[in-house]
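Enquirer: Sequence:
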Amino acid sequence: MKRLIVPPLLFGLAFVVLLNAELLEPLLRTLFPNVREILYARIPLIDLFREHVMMVLVSSVTATVIGVSLGVIVTRPPGRDFLTVVQGLSSFAQTFPPVAVLALAVPAVGFGFRPTIIALVAYSVLPILNNTIAGMEAIPRELTEASRGIGMTPLQVLFLSELPLSARVIAAGIRTSVIINVGTATIGAVVGAGGLGVVIVAGLVRDNIAFVFSGAAAAAVLALAFDWLFGRLETLFFAPRARVSR
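At the far end of the sequence shown sits residue 246, using my numbering, and the numbering has no gaps.
Keep in mind the hints are simulated off the structure, nothing from the lab.
Quick list of simulated restraints, FRET-style, between CB atoms: (1) ARG141 - LEU204: 52 to 58 Å; (2) TRP228 - GLU22: 24 to 30 Å; (3) ARG206 - LEU9: 31 to 37 Å; (4) ALA220 - ASP81: 38 to 44 Å; (5) ASP81 - PRO164: 23 to 29 Å; (6) LEU57 - ILE139: 28 to 34 Å; (7) PRO78 - PRO140: 20 to 26 Å.
Just so it is clear, the structure is predicted and the values come from calculations on it, not from any experiment. Glycine is no exception: its CB is placed at the ideal position from the N, C-alpha and C atoms.
Build the full structure now, drawing on both the sequences and the hints.
Expert: Following this line, the structure appears as structure tokens:
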């Protein structure tokens, strides 16, 4: 019971302190007594936090749709010839630094939200794609043949047999992708997308460590919160099956 209650309370307390100026200021003045300007005053931190969460959610959902769809397509007989090509292109996309992707995307789509989403999706689709392929390839062929043998159509085999069996592996890839996006989304501030990176960049420009700490701490707590949430969801949906199988 404590495992269910204590972490959300701790995360909630951390967010309340980090996103509330009245509570955050005493903490920062204690940690950084020599810094004159403690709080980033141009935009409330909670507004930047909402922008950051929105970027993470949109990019993660988009990467999930692309990664799972491609993973399913290249593990079907008609698309298996493209498996190596798709994996190679995805790996190549992740070798590009997100800032480089931003630099290429801005001339095409302008500044703001869209180039940031493009960079985040390009950088985070690989774990989902690889885990989808691994999960689908790990399914015993006998189970697939048995599903067809009882009269299932190819779509029924996919949605009622293969995807449920590979869901745990796919979920692990999505979890990794979301955590990557929480950290990488801070670069959105460079092209005017907002988010917690605004405070971090302002701190770097002004040599203000309190600003950097505020943005980085909020992003770190958000990443830990997402990681805990995915862990609980995996336990909720997959642990009972594991116990039954034993």
